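Next come the chains, spelled out residue by residue.
Protein chains: 2
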Amino acid sequence: MKKNIVRPDILPGFMELLPRGQILFNNMLDIIKKNYESFGFLPIDTPIIEKSEVLLAKAGGETEKQIYRFEKGKNDLSLRFDLTVPLARYVAKHQSELSFPFKRYQIGKVYRGEKPQKGRYREFYQCDIDIIGSEKLSLINDAEIPAVIYSIFKELDLGKFTIKLNNRKILNGIYEEYGIENKAEVMRVIDKLEKIGEEKVEKELLDMNLSNNTVKKLLDFIMIKGTNNEILGKLKALKVQNELFNNGLKEIEDVVKYIRAFGVDEDSFTIDLTIARGLDYYTGTVYETFLDDYPKIGSMCSGGRYDNLAGYYTKSKLPGVGVAIGLTRLFYQLQQAELIKNSNDVLIKALIVTFDEKDMNYAINVSNQLRENDIVTQVYCENKKINKKFDYANKLNIPYVIIIGDDEVKDKKVSIKCMETGEQKTVALSEAIEILTV
Amino acid sequence: MKKNIVRPDILPGFMELLPRGQILFNNMLDIIKKNYESFGFLPIDTPIIEKSEVLLAKAGGETEKQIYRFEKGKNDLSLRFDLTVPLARYVAKHQSELSFPFKRYQIGKVYRGEKPQKGRYREFYQCDIDIIGSEKLSLINDAEIPAVIYSIFKELDLGKFTIKLNNRKILNGIYEEYGIENKAEVMRVIDKLEKIGEEKVEKELLDMNLSNNTVKKLLDFIMIKGTNNEILGKLKALKVQNELFNNGLKEIEDVVKYIRAFGVDEDSFTIDLTIARGLDYYTGTVYETFLDDYPKIGSMCSGGRYDNLAGYYTKSKLPGVGVAIGLTRLFYQLQQAELIKNSNDVLIKALIVTFDEKDMNYAINVSNQLRENDIVTQVYCENKKINKKFDYANKLNIPYVIIIGDDEVKDKKVSIKCMETGEQKTVALSEAIEILTV
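Residue numbers (this note's numbering), protein chains in the order written: chain A, 1 to 438; chain B, 439 to 876.
Rather than coming from a laboratory, the hints here were simulated on the basis of the structure. No experiment lies behind these values; they were computed from the predicted model shown. Each residue gets a CB set at the ideal place from its N, CA and C atoms; glycine is no exception. Don't take every hint at face value.
Stated by the list, open to error - Computed cross-link-like contacts, BS3-like style, restricted to lysine-lysine with a CA-CA straight-line distance of at most 25 Å:
| no. | chain 1 | residue 1 | chain 2 | residue 2 |
| --- | --- | --- | --- | --- |
| 1 | B | Lys663 | A | Lys389 |
| 2 | B | Lys471 | B | Lys553 |
| 3 | B | Lys827 | A | Lys136 |
| 4 | A | Lys34 | B | Lys472 |
| 5 | B | Lys663 | B | Lys598 |
Said to hold, decoys possible - Coverage of chain B stretches by chain A, computed from C-beta distances (three or more under 8 Å per stretch; other residues unrestricted):
| no. | stretch |
| --- | --- |
| 6 | 542-549 |
| 7 | 630-640 |
| 8 | 656-668 |
| 9 | 740-754 |
| 10 | 825-836 |
| 11 | 852-858 |
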C-alpha cells in the first residue's frame, strides 16, 4: 500500500520558518496589526484567487509576466499579486455598504513568480493600510499614515529609523518649471539615487537630452537638505511660480504640521526631495521608511497618495492614501542584519514535568491553574528520562520547568526551576504563578 | 488611457465579509489561536503552493479532482487542500530540527474546487492542532485535545456543546468479534447514522450481506448510551474477548480519566460509539464536537489519533493526534443560526470629531493620549457637517463620540457622547479615558 518516499521539499522562493522563527515573525505581524487597529483601521480579507479579468484589469508588462495564472474548469484565474488591486475591487463591489472615509487594513499573502534570489520571495506577506475617501479626502490623512508607521517601528524596536516624505506635485511642478517634458522617466531615474549614486543619476539624466544647466538645477534641487523647517524655507526661497509646485509645497507644509500634531518625533521624519516612488499612480504625498544604520535594507514601508483607486471597476472617484509593509522580505533582511532579537521567541512560559506517570493528574491540575492565570503552559506527557524532559525545555527555549514529584504532590506544592540561572525552589503554586507572571 | 469598467465580482464559493463581519470572524480566529497557544502549541506557516508530487503523494479519487493544480514554467504546482499533508511534509523536512513531541498549530486558507453550494467554500480557513511523537506518543495527549476544544468553545460562548469521542480500536475490535470482514465499509455506513438515521443504516448494513443477527448486535452495540461511566461499564459487561477491542476500551478509559484531570465538565464530553470518522487514517481515539441545540450544524471540530503521519515522506514512524476547525464553514453556519453576537463587532472605541478644522490639532492630541491608554481611536478628518460625523459613528458601531469645539479647546476638556444612551457630558480627558476603559 505504501508508495515510494517523496522528497519533502518546498519550492524555491517560498519562506518556511521553524517554530522559533515563526514566533518572531508572528510577533512582528501582531505589532503591525495592533497598531493598524489602534488608529481605527478595519480588517478585510479578500480571496487569494480572483478572476484574471478583474485582477489584471490594469496590469501589464512586467507584472503580468509574474502572475500565477491558470484555468480551472472554464474559469481564467489568477493569484493576487498585491493587496491594492483587491482593495480597489472590494471598494467598488461593496461601495454602497461601506462608510467613507473607509479605513482598512489587510494582512495576507500575495504571489509573484519572480526569479528567486536572496531576499526575494514568490509568496510573501503584505501588510497594507489605506484610507479611501468618496470624491475627496482630507490631507490630514496623509499625516496619519506616517504616525501609524512611527508607532509601529518604535514598537518593533529595530533602532533609529526615518520616515522620508515628499510630494509628487513638488516634483512634477519643478519639472514643469525647468521645462522637462518626460517627467515620468526623470522621476524613475531620480528614484534610483539611493541605489546608484549621484554621479550615475547625473549621467543618466544627461543621456536623456536634458541640458547641462537643467541637470545641474535638478540635482541642486533634489539635494536640498536640512531640518524640515529649513527645507520648507529653502523651497519657498526658490520662489517658483509654477502652480502645481506651490500646491505641493502647501500640502507638504500642512502634512508636516499634522505629523507633528500626531506626536511623531521631529527626529524620525524628514522631507526628502529624492523620494519619488517610481510607480505612476501616486499623485501627492509619497513615503519611504529606512533604518538609519542599515540603509541597504532599503525602504521597509512605502506608499503615498493617489487620486483615484478604482477607476477600472467604478465611475466613482475614490482618492486615497496608504502604505504597505512587505513583511516577508523585511523579516529576511532583518534576520540577515541580526536585528531580530532571538530572545523574544518565548511562547511557552512553563513546562511541567513529572518523574512518574502516577503524578500526572496533579501535574495536569497545576497546568490548568497556570492557564487560568494566562500563563502558557505545556505538560510533558511522554514517558522519558527526566534529563530528556529538561533538554526539551532548553531546545524550545522554555524559561521555567515545573517539577512534580511525590513530595510535591504530598505537600501540595511545586518545584520551579529557572532554566537560565539554574535556580530551583519548592513553593506553593500561588508563588510559582507570581514568578511566572513577572 | 482608461479602459472599460470591469465588473468587480469575486468567484462563487469564496467568502468575503464586510468589515463588521470580518471583525466577528477575526474575534473567533483570535480566540482559537490564543487557546491553541495557551496549551503550548507552536505556530507554523507553510506555503499555499506546493509541488504537486508532494501534495498529492497520497491523494486520489475525489480529493484529486478538487485540487487547484496548474503549471508555472516547468513546475507542476498545486494549492494545499488541507493542513495535514503540509504538516506531514513539514515534519519530514525539518525532522532533525524539531523537538518531539512536536505540538504545532496552523491557521490558514486551503483550497478545494468543490461544487459551490450554501455553506460550502472553495477557499476556507482551517485551524489545526496536532501533537506528533517520535516512534511513540502518550495517550494523555488524546485527552489534551478535547481539553483545548473545550476551552475554545467555552470562550466562543455559542451555547451548550458536547465533545463526542470514540476509539477506532473498539469499533474494529467489535467487528472482528462479530466476524465482520469489510470493516472500512461498515464504518462508513455507521458514520452516516446522525445524517440518515437508524433505519437507513440498518438497511445499508443488511444490503452488505451481513446477517440479521449481526446487524442487530451491531446496532445494539453502537446505541449503547448513558453517562461516561455507565457506557464504560456496559462495554466491560459485554465481556468481549477480542484483544483489539480490549485495548481500545482501556485507551478510552484512560482518555476519559485524563480529560477529567484537564478540568473538562463531565457534561461537555461523552463517549459515543456511533462516531467513526469515515477517513481511514485514524487508528485510535476519534472526536467530533456538536452544539447541543443545533445538531444540524454538524461537527464543528473533528479529528483523532493516527499511527503514522508522514509515511509518504520519511521512514521515521511519527504517530500523532489532532483536530481541525473549519472556520469559514462554521462561521457561515453560526451566522445562519444567528449565534454570532453582532454586538461584538466593536473595534473602534471612540471617534473624535471637531466642528472646525482649526481644532484639529487639539483633536489629534486627544487621540494620541487615548491611544497611549490602549483605546482604539479614530479622528474624523473630513470637512463634513457634524450630523454626518455622527452618522459615521453609528454606521461603524462606534460606541463613543468625542466632540471638540472651541470651548473644549479653551477649557482643555472634551465632550463625550455615549451613542447608545445619547448621554453627553463635558469632562477632563482623564475622566473620558476612564469612561472609555470600562
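Hint-by-hint comparison with the structure:
1. B:Lys663 - A:Lys389: 40 Å, violated
2. B:Lys471 - B:Lys553: The given pair, whose Cα atoms are some 30 Å apart, is violated under the 25 Å limit.
3. B:Lys827 - A:Lys136: 15 Å, holds
4. A:Lys34 - B:Lys472: 15 Å, holds
5. B:Lys663 - B:Lys598: Judged against 25 Å, a Cα distance of about 19 Å means the pair holds.
6. 542-549: Answer holds; 3 residues pass the 8 Å Cβ test.
7. 630-640: violated (count 0)
8. 656-668: violated (count 0)
9. 740-754: The restraint on the stretch 740-754 of chain B holds, since 6 of its residues have a Cβ under 8 Å from chain A and three suffice.
10. 825-836: holds (count 3)
11. 852-858: n = 0 at 8 Å, threshold three: violated.
When the structure is compared with the earlier hints, violations turn up for hints 1, 2, 7, 8 and 11 and for no others.
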